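S.K.: In case you want the letters, here they are:
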Amino acid sequence: MSMLELSQVSKSYGQGGAEVHALREVSLTADAGEMVAVMGPSGSGKSTLLTIAGTLEEPTSGEVLIAGQPVSKVSRGTKARLRRRVIGYVFQDFNLLPGLTAAENVSLPLELDGVSARKARVPGLRGLERLGLGERAAHYPDQLSGGERQRVAIARAMVGDRKLLLADEPSGALDSENAQAVMRLLLDACRAGGMAAVVVTHDAHLASWADRVVFLRDGRVTDQTAAAPGPESLLTPERNQ
Amino acid sequence: MSVRHALLALLSERPKYGLQLREEFEARTGEVWPLNGGQVYTTLQRLERDGLVESDGTGTEGPQKGFSITAEGEQELAWWLRTPPDLSSPPRDELVMKVLVALYVPSADVHAVIQAHRRYVVELMQRWTRIKEDEAGSELNMSLAIDAELFRLDSVVRWLDAAEARVSRAAADGTMTWADQATPRNQTRAPLPRHRREVRERR
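Chains as they are written, first to last, in numbering that gives the first Met the number 0: chain S, 0 to 240; chain V, 0 to 202.
Think of the hints as simulated: they come from the structure by calculation, not from any bench.
No experiment lies behind these values; they were computed from the predicted model shown.
Just so you know, nobody snuck in bad clues.
Facing chain S, from chain V, some residues (calculated, C-beta under 8 Å):
1. GLN114
2. ARG118
3. VAL121
4. GLU122
5. MET124
6. GLN125
7. THR128
8. GLU132
9. LEU149
10. ASP153
11. VAL156
12. ASP160
13. ALA164
Note that CB positions come from ideal geometry on N, CA and C, so glycine has one too.
Working from the sequences, and respecting the hints, build out all of it.
M.R.: In structure tokens form, the structure reads like this:
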């Protein structure tokens, strides 16, 4: 089942001679259990694509479906509920609240959705433990390393069993090893939890974790990788002779 | 990969039989560089001839013959490990050549050419990453060999990205002229930095 479906989505800003086309007739799907990476240079429309997929912005034309629901046809309340319960968003700069502990940061989206602080704490802690941060639950963001802060941000984006995770350069500020660990976590969440993930990155090394890589240029999808043949084909002796 | 030095490295641990050396070579290089059995035995013969290993003197060649490293072999191995391979000359890279040639083929869309190569390299990277994912936490040698390949391919994608940005900028600025493109034969090789050119001329 498609957790995200963008159909012929265009987005432009300004009018007349000053009109800028950020996206042009972009179609993209992300199925449950699948990780899709979107690669492209600066200004290619990657971040606009993500904010539209996250219902943070409306397209100029085209249709966005989240878990089968057409975003343009649902009420503002339903859209807000989709954002609180279905979509998780990982920001490039983490966006953790400095006055809250790691556990409080993770359970915050549940509290905003009306769950009591006491009840929200349980899935919050579980999310941290799943990402190997159980012992850091009571620490504040400034007591955590960059890699740990990013994992807290991912735990927060996934809390409450979200079905669609959108990540904007999720490993941007991390060293290579931590960046790889973040991608492995996201992929595991897709595989095990049936979540769909769309990860925007300019880094091919990180994009290679995805099931499918979509290339964006000047607001258009120009290409995408084909389903990869079995990895064992790289290790056959014939290749080395 | 120097089979000769890999065998010396395996013998530096303790004396081993031919068959054992062959199996350990394949295991330690992450099965990325398989070699045939005959190659192991002929290399061992040459190492013995050069005084870098000695055999247990059973007389029969093949899997059951035992070998140990000599003091000279230890020295040779230490020298080899610390000697950087020759990276001073840029390789004649076919992918670089294709992109450079596309610049002066009127019917070629340079961006499409760059993207065709980028997609292929990213697909290769996906396959290597999938192996890394499947083999999580397994053998260190395998992980290191895969990382080396991923970093190498990543550098290719970075070059393609940089090339595309440079071509776009040149087209926008109108600085891509026919004069730049007049000597295709010279353009198929990346220009050498000045100091390296001087080194080459001195040779």
